[in-house]
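Chains as they are written, first to last, in the working numbering: chain A, 1 to 170; chain B, 1001 to 1170; chain C, 2001 to 2170.
Derived from the structure by calculation, the hints contain no laboratory data. Predicted model only: the values in this text are computed from it and were never measured. Possibly wrong hints are sitting among the right ones.
To be verified - Below are the DMTMM-like pairs computed for lysine to aspartate or glutamate, each with C-alpha atoms no more than 20 Å apart in a straight line:
| id | chain 1 | residue 1 | chain 2 | residue 2 |
| --- | --- | --- | --- | --- |
| 1 | B | K1051 | A | D141 |
| 2 | B | K1072 | B | D1055 |
| 3 | A | K51 | C | D2141 |
| 4 | B | K1102 | C | D2141 |
| 5 | A | K102 | B | D1049 |
| 6 | C | K2156 | C | D2113 |
| 7 | C | K2072 | C | E2042 |
| 8 | C | K2051 | B | D1141 |
| 9 | C | K2102 | A | D49 |
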Amino acid sequence: MAPITLVLGGARSGKSAHAERLAADASPRRVYIATAQALDDEMATRIADHKSRRDLSWRTVEAPLGLSDAIKAAATPDHVVLVDCLTLWLSNLLLAEHDIEKEADGLIATLTDAAGPLILVSNEVGLGIVPDNALARAFRDHAGRLNQRIAEAADKVVFLAAGLPMVLKG
Amino acid sequence: MAPITLVLGGARSGKSAHAERLAADASPRRVYIATAQALDDEMATRIADHKSRRDLSWRTVEAPLGLSDAIKAAATPDHVVLVDCLTLWLSNLLLAEHDIEKEADGLIATLTDAAGPLILVSNEVGLGIVPDNALARAFRDHAGRLNQRIAEAADKVVFLAAGLPMVLKG
Amino acid sequence: MAPITLVLGGARSGKSAHAERLAADASPRRVYIATAQALDDEMATRIADHKSRRDLSWRTVEAPLGLSDAIKAAATPDHVVLVDCLTLWLSNLLLAEHDIEKEADGLIATLTDAAGPLILVSNEVGLGIVPDNALARAFRDHAGRLNQRIAEAADKVVFLAAGLPMVLKG
């Protein structure tokens, strides 16, 4: 089975850069699956910033919703696939009112069946004060549950803080 | 002295499930001290969800405020007591305008004198942006201080992220 | 080169007390550089609380904005300098509309050239839900980037939770 790595951390903790380094070590043939959508200037700037860091060895695929299909299409034994990030994918699913449990089941099945190595980036969002609004609380519950399920399926899990990895698993 | 374990983590980090596994390993005779109050539907659902995971080997005691007394009554050398969670207890105390320092002193004394093994679940809430409102800031200060005191009294402290434990102590 | 230690953690995680213990072990001659400003009662109480913990072996310097100059003036081979904290310094710079990138460049240069051991305290603020307002989002981006840069320059990085350190580097 191809290895699955989960890179977990807070905002601006260096998750993406760490995941890109792991990918660079894994294979010279790299696919970047972006779940972000440039819906506003702030997000467009962030996407451009991430893109500028990746060289021509990367092929970029956009998959704001259809993540499982994008992974199936991209994963081969000699390609490494980086998904950045699961938290935005979850946010997109919630906005589009998809069935989260069903989507998560589908993703887990895709990950465990993938033909090549996968690196997944996800945010930890549950370590602040309980949010005032119910939607934010529901989101962090979904995000926490998704992270637990992915971590269980993963071979290796690292937690990033200030750009430095702590190994949680593997 | 009976061992004290603190299970610390964010929302939906797998703290309760981890604490329940620790308890299952510690003794076949288990007491679950719940500090949650089913004041609204969201909380009622969460309580039911937690309850459905525990089998008949568990006896459940509700102690939204009188936590020390509940621990004293439940702790024996051949029972393991799981408290879930300290953060809700603190929140209940603040709402009821109890003296937090005095309550914390009482709890620490109870823990160190307990006749049997204790497993305590608590939330880390201080790793987000400074909250806008003063009450939330006061709450996270109290929660942080309580976690520090419990961690100091504990023999073992684990921090959960994505369902995976990092050992902080013990 | 004199060693640089970064003490990272959440609110009320025991960062300052841990940093003070590290400083006490490093040298009997200690300089405390405070970046906090007593702009309101809450902050004044917090400053007084921190001050009451430090004995006469400490000299205190206030540097809400001019942090690099204060470090340059204080650092000698037989003094340990503790900066508490970088997050408030960043907040002060943003309020005063300074150029954050330039200030961070200057600080990094000062740290790497310092004549004596440095201990720096900083908050991790990126592990909660995405804040509603753009200013808070910008702040946590700046804070995360600054923490990454300082961690890269540091010889030792510890992450505090419930008063307990996890070593991230060194």
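Going down the list of hints, with the structure as the test:
For the suggested pair B:K1051 and A:D141, the alpha carbons sit about 18 Å apart, so the restraint of at most 20 Å is met. About 23 Å separates the Cα atoms of B:K1072 and B:D1055, which puts this hinted pair outside 20 Å; it is violated. Taking the CA atoms of A:K51 and C:D2141, the gap is near 18 Å; set against the 20 Å cutoff, the hint holds. With a C-alpha separation of about 39 Å, the suggested pair B:K1102 and C:D2141 falls outside the 20 Å cut-off, and the hint is violated.
Proximity of A:K102 to B:D1049 is assessed by CA-CA distance (about 19 Å); at most 20 Å being required, the pair is judged to hold. Restraint check for C:K2156 and C:D2113: the C-alpha separation of about 16 Å stays at or below 20 Å, so the hint holds. Restraint check: the Cα-Cα separation between C:K2072 and C:E2042 comes to about 30 Å, which exceeds 20 Å; the hinted pair is violated. For the suggested pair C:K2051 and B:D1141, the alpha carbons sit about 18 Å apart, so the restraint of at most 20 Å is met.
For the hint pairing C:K2102 with A:D49, the CA-to-CA distance comes to about 19 Å; that is within 20 Å, so the pair holds.
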